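Colleague: Here the structure of chain A is known, so what remains is to put chain B in place on it, guided by the hints.
Number of protein chains: 2
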Amino acid sequence: MAQCFDFKQIGVIRTPYIDSAPYQPVTDDEGEFRIVLSPEYAEGLADLDTFRYIYVLYFADRLRRKAVMTERPAWTPDTTVGLFASRSPARPNPIGLSVVEIKKVAGNEVLTSGLDVFDNTPLLDIKPYIKDLDSKNDANYGWIDNLPGNKQHLLLHIMGIPHDY
Amino acid sequence: MAQCFDFKQIGVIRTPYIDSAPYQPVTDDEGEFRIVLSPEYAEGLADLDTFRYIYVLYFADRLRRKAVMTERPAWTPDTTVGLFASRSPARPNPIGLSVVEIKKVAGNEVLTSGLDVFDNTPLLDIKPYIKDLDSKNDANYGWIDNLPGNKQHLLLHIMGIPHDY
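Same order as they appear, the protein sequences are chains A and B.
Those letters in the first sequence? Residues 5 to 169, per the working numbering, in order.
Those letters in the second sequence? Residues 5 to 169, per the working numbering, in order.
For reference, chain A alone in the conformation it holds in the complex (with noise of 0.2 angstroms):
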């Protein structure tokens, strides 16, 4: 069954996050978020900018540990969960996916809300975002269901979003 298949790097995105990153996009994070297309591709960035939210998937890259099939969540060290039930980018194909707000589409750049990458992570592609398609109203929080405490707590540290209590 193993294929193997050759992606190519389409673009960076640039972020403040040098030495640390959050575990999600924290919107209203400081700094300049930036995704930052090869020429070739500025002309598939057409009527982007018509979209409220884009998918964005890029590579990994700084990733120093290997897959493993049960993971403990860094905001959450006491639960143990089955890989594909976490969000841990030490995936057996480490495919980041964010969903981020369009700010400003100039050129082979797209300026965004928060993205929880990495400076200078390879961009692998962007999709739109389309209501009804993809923004699922009775979606739940699966097994963060059954943490204690209070969920938008819980919520700032899945988010990786510093808070004081």
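Wrong hints could be hidden among the right ones.
Note: identical chains are not told apart, hence a pair may lie in one copy or across any two.
The calculated BS3-like cross-link candidates involving lysine-lysine, where the alpha carbons are at most 27 angstroms apart (straight line), are [to be verified]: (1) Lys12 <-> Lys108; (2) Lys107 <-> Lys12; (3) Lys12 <-> Lys155; (4) Lys107 <-> Lys135.
Keep in mind the hints are simulated off the structure, nothing from the lab.
Quantities reported herein were computed from a predicted structural model and do not represent experimental measurements.
Modeller: Leaving out everything else, chain B in the frame of chain A:
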């Protein structure tokens, strides 16, 4: 800048679509939709059934044409949009992304709602779809909003759902 990455098949998606497939997931479509993981990854499915929705990432291996930077979506051929503002599978990296509902997880298999891929499509990743992180209530339809006609009707076309009107 250009780097290449090796991704590997971690399973296979079984669907009723042998010769044609809808453009987007069809929830109420007939037939069985089954993700079969290679046995070495089965343990990673633990706790996945606590989620209602998942992201399925796959390699669009049936693609016969090369990516071009402007697309005319099959369901609205008079409209031309930038490739990254479309969900066309003909992209620089043909990584497909679908949001589907979990029906059952058993052993190394996940039964799901309708998946818009051909039978035997190579699986790249499964990620949990987490409320708040992934479900954006204020998402829009982008350029689709500017098309003439009824939105619900257009969505049937986007999703490739057969209809009589």
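Colleague: Identify every previously stated hint that the structure contradicts and give their numbers, smallest first.
Modeller: Violated hint: only 3; rest satisfied.
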